[in-house]
Each structure stands twice: as structure tokens, then as C-alpha cells.
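Student: Each chain, written out:
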Amino acid sequence: GAGVSQSPRYKVAKRGQDVALRCDPISGHVSLFWYQQALGQGPEFLTYFQNEAQLDKSGLPSDRFFAERPEGSVSTLKIQRTQQEDSAVYLCASSLGPGRGSTEAFFGQGTRLTVV
Amino acid sequence: AQSVTQLDSQVPVFEEAPVELRCNYSSSVSVYLFWYVQYPNQGLQLLLKYLSGSTLVESINGFEAEFNKSQTSFHLRKPSVHISDTAEYFCAVSDTDSWGKLQFGAGTQVVVTP
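Which chain is which? The protein sequence lines are A and B, in order. The numbering of the first sequence is this note's numbering, which starts it at 1 and goes up by one. The numbering of the second sequence is this note's numbering, which starts it at 1 and goes up by one.
Here chain B stands alone, though its shape is the one from the complex (with noise of 0.2 Å):
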């Protein structure tokens, strides 16, 4: 069984400031991480993912996270954001065998204001 934790619910930041948004897992196999963003009222999209080889991942937008084995994490951060990134973020995971299939944290709201 798979769990993950997003530590924080809503996060405030300002334009332009930096924003980093922790998500731990847990599981007993091998995973895939992935961030979803759900902008209001539209679905989820995916943001990025980490599948194998560099821990270090990166979106379009400037987004990046980093795959911790150790500490079983995979945070997300961005060094500058937009009044555009205000959204919310969700990490998950999945097995390798059973890619399809994801367990969700329960969501980040990121509120940027100017």
C-alpha cells in the first residue's frame, strides 16, 4: 500500500517570490512520482514526472522537483512565480507495474498575490 503526504494545505506567497511545496510518500515497491496542477475549474493537468534516471525534473513553466529515495520525497519548487500560478498542486505516485493507477496527496493551494 502507497500513501502520500503533503505537508501543507495552502500556501500564500507573493509575485516573483519563491515557493517550494513538500510532498512525502511511502510505499514497499518501486514508484513513479508525478505533480498534477488543477487550475480553477478546469482538470488536472500534469505538471511533471519522475519516472527513472535524474532525480532532478523539470516542467515548461519553471517548475522543477527533486526525487529523494532517502528521505522518500519529491518536493516541488519554483524560484519565481506568477500571479498565473495560483492554483492547486497535487503530488502522486504509483506503482511501476501499476503505472496507471495513482494515490494522490490530498492538495497544495497556492495563492500568489502581487
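Pulled out of the complex, with its shape left as it was, chain A reads as follows (with noise of 0.2 Å):
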């Protein structure tokens, strides 16, 4: 497809569970982020890569959290030992990337994580 893919859309996890979830950016978008958006909150910024360099890692909330762009195109967040307030919306973005026209950020419609 033409958009920014998330697999899965819906994803159930027991407590103490790891997960993985998956991000297609738009083909050739140099940027790729990730957000948490918590129910009835705007997005929070959790990292970012520019290719496979993962340059900003400051949003995400503990070192159970760790995210992967090895080919510099598709990306994994990884969350390990799940907790209940993991649970929220998963967002990813690509972009064309700095310096190469393009302010704007391309949203996938997200994994929707649940921890019981």
C-alpha cells in the first residue's frame, strides 16, 4: 500500500508478556517515529530514526522499551515484561526526512495494545 503500515491493529497481552509491534513506513521516507497516545490523551513522542540510526530515544518511558530499524526501512518496538499502563495506541510516522522538502509526517492508524 501507499500509507504507512502498523501490524497487528489490536494486540492482547497477559502482565509480564513481551510483544513486538511492526511499522511499514511509506517506501523511500527517510524518517520513521514512534508515538504512545494514551486513551483520551494526545500522542507522546517516544523515538526516532533516520534511516537506521536511531538518533533520539528520549520519550521512551523505561529500558523495557526498545525499538529497531536494522535495514533502515521497516521498524519493530519492542516491549518487554508488559505492564498495565503500557496499555495504549502504538503510532508510527515516516517523513521524506530533514532537508529534503517535506514537513510533514505520515501517520500509520496504529496498534492498539491492551495489558490485562
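Source of the hints: derived by calculation from the structure; they are not laboratory data. Some hints here could point you the wrong way.
[Claimed, not checked] Straight-line distance between alpha carbons at most 25 Å, and here's what the computed SDA-like set of lysine to any residue pairs gives:
hint, chain 1, residue 1, chain 2, residue 2
1, A, 57, B, 45
2, A, 57, B, 95
3, A, 57, B, 62
4, A, 57, B, 5
5, B, 49, A, 41
6, B, 78, B, 58
7, B, 49, A, 106
8, A, 57, B, 1
9, A, 78, B, 26
10, B, 78, A, 28
11, A, 11, A, 98
12, B, 78, B, 39
13, B, 49, A, 27
14, B, 49, A, 11
15, A, 57, B, 27
16, A, 57, B, 32
17, B, 49, A, 20
18, B, 49, A, 40
19, A, 11, B, 39
20, B, 49, A, 78
21, B, 49, B, 30
22, A, 57, B, 30
23, A, 57, B, 58
24, B, 49, A, 2
25, A, 57, A, 115
26, B, 49, A, 115
27, A, 11, B, 42
[As the list claims (entries may be wrong)] Partial chain B-side listing against chain A, Cβ under 8 Å, derived:
hint, residue
28, 40
29, 43
30, 101
31, 102
32, 106
Glycine included, each C-beta is placed from N, C-alpha and C at the ideal position.
Since each chain sits alone in its own frame, please combine them into the complex, following the hints.
Tutor: What follows is the structure, encoded as C-alpha cells:
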């Protein structure tokens, strides 16, 4: 497809379980972002990749959160030992990248994670 | 550090009436400003943006927003809403040198009724 694709759309995890959330950005987009959106809140920045380099991970809430983009395309957000407070919608966004004439980030539909 | 405040969590409005969604931000550096819309069961979509130049920016579906530097505001307006404008609207800001990293407001839910 032409847009940002995220999978799965919904994930229910038992507390303590590890989860992996996938993001397929728009082809050719250099920049990739992960955001966390809690119920009733705006999205909160988690981390940023430029190609395969993770340039900013200041928003990751704990060391249980880990993100990678090994080949500069698909990205995975992994959450270890999930807790109830991790329940949220996880959004991925991509953009052409700095200096390439676009300031627009395109968002996927998100993965809704529910930890029970 | 930046912050974004959307003063209204929910705005009910009748069809064909005007609507204004308020957004204020704080930042110590130059910023870019955005409004995103999220329709039910869909992802965030960019509605309009202010980067530089004219302080009044418009979208293709009749929304407009005005950047007011002195009041640090970027309010969104539409003179006549449609049922299809029912959605959640997010104001966002980014530094001009880290433009992709967005700070979002909490969102305003617009509910348009006949």
C-alpha cells in the first residue's frame, strides 16, 4: 500500500508478556517516529530513526521499551514484561526526512495494545 | 521544552454553524505548528501547517488557522461545519531544527449534529 502500515492492529497481552509491534513506513521515507497515545490524550513522542540510526530515544518510558530499524525501512517496537500502564495506542509515522523538502509526517492507524 | 494546550476537550456544534478550536503553545525557540485530524477508526492526518510566511493558513476542506506569535496561539476555525467534520483534532508543535519530533496537545473532540 501507499501509506504507513502497522501490525497488528490490536494486541492483547498478559501482564509480563513481551510484545513486538511492526511498522512499515512509506517507501523511500528516511525518517521514522514512534508515538504512544494513552486513552484521552494526545500522542507522546517515543523515539526517532533516520534510516537505521536511532537518533533520539528520549521518550522511551523505561528500559523495557526497545525499538530498532536494522535496514532503514521496517521498524519494530518491542516492549518487554508488559505492564498495565503500557496499554495505549502505539503510532508510527514516517516522513521524507530533513532537508528533503517535506515537513509532513504520515501516520499509520496504530496498534492498540491492551495489557490484562 | 515545549508544551501545547488545547483549551477545550470537547466542542459540540450544529451543522452549518462556525467552530473554533483553541490552541496555545509555549516554546523558547522558533517553531512549526500543525493541526492533525483523526476520524473515527482512522490514523492521524495532517490538516494544515504553519512553517513561515503568511500567518493565515488554509486547508482544502475549508479550515483555516492563524499563527499569532505575540499570543503564542494557533487557533483553528471553520465558518460552516458538516457532519463529516466530526472527529478529534490535535494541535502540534515542533522545533524548526527538529521538525519531525512533534509535541501534541490533548486533543479536541468535535461532534457535529444536525
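Student: With reference to the structure, classify each hint as holding or not holding.
Tutor: We went through each hint and held it up to the structure:
Taking the CA atoms of residue 57 of chain A and residue 45 of chain B, the gap is near 24 Å; set against the 25 Å cutoff, the hint holds. For the hint linking residue 57 of chain A to residue 95 of chain B, the alpha-carbon distance of about 17 Å falls within 25 Å, and the restraint holds. Using a Cα cut-off of 25 Å, the hinted pair residue 57 of chain A and residue 62 of chain B is violated, with the two alpha carbons roughly 37 Å apart. For a cut-off of 25 Å, the pair hint linking residue 57 of chain A to residue 5 of chain B stands: about 24 Å separates their Cα positions.
Using a Cα cut-off of 25 Å, the hinted pair residue 49 of chain B and residue 41 of chain A holds, with the two alpha carbons roughly 21 Å apart. Taking the CA atoms of residue 78 of chain B and residue 58 of chain B, the gap is near 10 Å; set against the 25 Å cutoff, the hint holds. Proximity of residue 49 of chain B to residue 106 of chain A is assessed by CA-CA distance (about 13 Å); at most 25 Å being required, the pair is judged to hold. At roughly 16 Å between alpha-carbon atoms, residue 57 of chain A and residue 1 of chain B fall within 25 Å of each other, so this suggested pair holds.
For the proposed pair residue 78 of chain A and residue 26 of chain B, the alpha carbon gap of about 32 Å is over 25 Å, so the pair is violated. Proximity of residue 78 of chain B to residue 28 of chain A is assessed by CA-CA distance (about 35 Å); at most 25 Å being required, the pair is judged violated. At most 25 Å may separate the alpha-carbon atoms for a hinted pair to count; residue 11 of chain A and residue 98 of chain A exceed this at roughly 33 Å. Restraint check: the Cα-Cα separation between residue 78 of chain B and residue 39 of chain B comes to about 17 Å, which is no more than 25 Å; the hinted pair holds.
Among the hinted pairs, residue 49 of chain B with residue 27 of chain A is consistent with the structure: their alpha-carbon atoms are about 23 Å apart, no more than 25 Å. Between residue 49 of chain B and residue 11 of chain A the alpha-carbon distance is near 33 Å, which puts this suggested pair outside the 25 Å criterion. Note on residue 57 of chain A and residue 27 of chain B: the hinted pairing holds, with a Cα-Cα distance of about 21 Å set against a maximum of 25 Å. For the suggested pair residue 57 of chain A and residue 32 of chain B, the alpha carbons sit about 21 Å apart, so the restraint of at most 25 Å is met.
Restraint check for residue 49 of chain B and residue 20 of chain A: not satisfied, since their Cα atoms lie roughly 33 Å apart, outside the 25 Å limit. Taken as a hint, the residue 49 of chain B and residue 40 of chain A pair is honoured in the structure, with Cα atoms around 23 Å apart against an allowance of 25 Å. A distance of roughly 21 Å separates the Cα atoms of residue 11 of chain A and residue 39 of chain B; the hinted pair therefore holds under the 25 Å criterion. Between the alpha carbons of residue 49 of chain B and residue 78 of chain A the distance comes to roughly 32 Å, so the proposed pair goes past 25 Å and is violated.
For the proposed pair residue 49 of chain B and residue 30 of chain B, the alpha carbon gap of about 14 Å is at most 25 Å, so the pair holds. Taken as a hint, the residue 57 of chain A and residue 30 of chain B pair is honoured in the structure, with Cα atoms around 22 Å apart against an allowance of 25 Å. For the hint linking residue 57 of chain A to residue 58 of chain B, the alpha-carbon distance of about 33 Å lies beyond 25 Å, and the restraint is violated. Proximity of residue 49 of chain B to residue 2 of chain A is assessed by CA-CA distance (about 22 Å); at most 25 Å being required, the pair is judged to hold.
A C-alpha spacing of about 23 Å is found between residue 57 of chain A and residue 115 of chain A, which places the hinted pair at or below 25 Å, so the restraint holds. For a cut-off of 25 Å, the pair hint linking residue 49 of chain B to residue 115 of chain A is broken: about 35 Å separates their Cα positions. For the given pair, residue 11 of chain A sits about 17 Å from residue 42 of chain B by alpha-carbon distance, which is consistent with the 25 Å threshold. The interface hint given for residue 40 of chain B is violated, since its Cβ lies 11 Å from the closest Cβ of chain A, which is over the 8 Å cut-off.
The criterion of a C-beta within 8 Å of any C-beta in chain A is met by residue 43 of chain B, whose closest approach is roughly 4 Å, and the hint holds. Because the smallest distance between the Cβ of residue 101 of chain B and any Cβ of chain A comes to about 6 Å, under 8 Å, the interface hint for this residue holds. Interface hint at residue 102 of chain B: satisfied, since its Cβ lies 7 Å from the closest Cβ of chain A, which is below the 8 Å cut-off. With its C-beta approaching chain A no nearer than about 5 Å, residue 106 of chain B sits inside the 8 Å limit, and its interface hint holds.
Hints 3, 9, 10, 11, 14, 17, 20, 23, 26, 28 from the list above are not met by this structure, while the remaining hints are.
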